[in-house]
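If you read the protein sequences in the order shown, they are chains R and C. Going letter by letter, the first sequence gives residues 1 to 178 in the working numbering. Going letter by letter, the second sequence gives residues 1 to 115 in the working numbering.
Worth flagging that the hints you see were computed from the coordinates, not collected in a lab. Take these hints with a grain of salt, some might be off.
Unchecked claim - Restricting the straight-line Cα-Cα distance to at most 20 Å, the calculated cross-link-like pairs of lysine-lysine (PhoX-like) are:
#, chain 1, residue 1, chain 2, residue 2
1, C, Lys108, C, Lys17
2, C, Lys63, C, Lys48
3, R, Lys135, C, Lys48
4, R, Lys104, R, Lys135
5, R, Lys67, C, Lys39
6, R, Lys104, C, Lys84
7, R, Lys91, R, Lys159
8, C, Lys84, C, Lys39
9, C, Lys17, C, Lys107
10, R, Lys13, R, Lys104
11, R, Lys133, R, Lys154
12, R, Lys133, C, Lys48
Said to hold, decoys possible - Pulled from the structure, derived: some chain C residues nowhere near chain R, Cβ distances all over 12 Å:
#, residue
13, Lys17
14, Ser26
15, Lys39
16, Gln43
17, Ile66
18, Arg81
19, Ile110
All residues carry an ideal CB built from backbone N, CA and C; glycine is no exception.
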Amino acid sequence: MLDDLEKVIAGLKYWNLILDPVNSYENRFLLQKLTFLSQSLGMKLSYNFGLYVAGPYCSQLADDYYKHSNRITSLQTDYRTTKKENEIFMKIKRYVIDRQVNEKRMSFIEGVATIQKLYLDGHATTEEELHYKTKEIKPHLSDYIIIIALNAVKQLNFKSEYLTDELKEEFDLWDRID
Amino acid sequence: MSTSCDEELQNIIESRKKIINAAFTSSRVLILTLLQHFKIGIQYRELKNTLNLSDGNLFSNLKNLIDMGYIEEETIQFDTRPLKIYQITSKGEKELSKIMEWIISIKKLIGDIEC
Numbered sequence: 001m002l003d004d005l006e007k008v009i010a011g012l013k014y015w016n017l018i019l020d021p022v023n024s025y026e027n028r029f030l031l032q033k034l035t036f037l038s039q040s041l042g043m044k045l046s047y048n049f050g051l052y053v054a055g056p057y058c059s060q061l062a063d064d065y066y067k068h069s070n071r072i073t074s075l076q077t078d079y080r081t082t083k084k085e086n087e088i089f090m091k092i093k094r095y096v097i098d099r100q101v102n103e104k105r106m107s108f109i110e111g112v113a114t115i116q117k118l119y120l121d122g123h124a125t126t127e128e129e130l131h132y133k134t135k136e137i138k139p140h141l142s143d144y145i146i147i148i149a150l151n152a153v154k155q156l157n158f159k160s161e162y163l164t165d166e167l168k169e170e171f172d173l174w175d176r177i178d
Numbered sequence: 001m002s003t004s005c006d007e008e009l010q011n012i013i014e015s016r017k018k019i020i021n022a023a024f025t026s027s028r029v030l031i032l033t034l035l036q037h038f039k040i041g042i043q044y045r046e047l048k049n050t051l052n053l054s055d056g057n058l059f060s061n062l063k064n065l066i067d068m069g070y071i072e073e074e075t076i077q078f079d080t081r082p083l084k085i086y087q088i089t090s091k092g093e094k095e096l097s098k099i100m101e102w103i104i105s106i107k108k109l110i111g112d113i114e115c
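Input sequences plus hints: build the corresponding full structure.
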């Protein structure tokens, strides 16, 4: 699945993330969650993510980064990203990677990936259900983290076509509030 | 039962001797299986939540598997907090593989029971 890994590395390059998945648990964790988010938002990858104890996880992806770890640490790829892929990377950077969460960055990313998977697989649809299910699977995540992760999931899945004139008007009103 | 079935049964009895008894409890086989699948490593809290074992039970099983060299424990910083993660070793992979082969040979014998 080298073609898939090329795309994953392109994402890391975009985010300027130099990871060492062989030697760092945190880096492996991050790579799994960010790849899942990219795929779930429309990036064409053939990884098969399941929802397990550690949130979305794919063993094929793990095999790939153990096999080609040097390509990941050196961000070596010839893959040229499409406009759509760049938009996906931009969204993830904006709403997940750059999100300020006091010393809880990994838990936040864990929450976002888990909620996104629960939502897409239809395990829960309403915010309350998603919150409850996430807490059930991940009891160590605080309510605060789940709430901001839920908001991030909403932002990630928001499409410009959802922005009706009525919504625009309301947003403008909030923007002028100062 | 025919001779081939006798041979298979004999193989099962013989290959059982190759499996380390201490590794062959349902909890330990399950821990090894989980760690074999999650090459990323598993956090202590995730194991506890999944296996639904008490801290004492889980801790003693993990300690035994570490002592036998089948798994490794590492303390990492996760969100600036120390966190214990576990990974299977190559020795653990080999033992799990022996157990799996043994179970498959039993299944095969049961499937061939009419022979």
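Hints, verified against the model:
no., hint, verdict
1, C/Lys108 with C/Lys17, "holds, 19 Å"
2, C/Lys63 with C/Lys48, "holds, 14 Å"
3, R/Lys135 with C/Lys48, "holds, 15 Å"
4, R/Lys104 with R/Lys135, "holds, 16 Å"
5, R/Lys67 with C/Lys39, "holds, 12 Å"
6, R/Lys104 with C/Lys84, "holds, 17 Å"
7, R/Lys91 with R/Lys159, "holds, 11 Å"
8, C/Lys84 with C/Lys39, "holds, 15 Å"
9, C/Lys17 with C/Lys107, "holds, 18 Å"
10, R/Lys13 with R/Lys104, "violated, 23 Å"
11, R/Lys133 with R/Lys154, "holds, 16 Å"
12, R/Lys133 with C/Lys48, "holds, 18 Å"
13, Lys17, "holds, 32 Å"
14, Ser26, "holds, 17 Å"
15, Lys39, "violated, 4 Å"
16, Gln43, "violated, 7 Å"
17, Ile66, "holds, 17 Å"
18, Arg81, "violated, 8 Å"
19, Ile110, "holds, 29 Å"
This entry does not satisfy hints 10, 15, 16, 18, going by the numbered hints stated previously.
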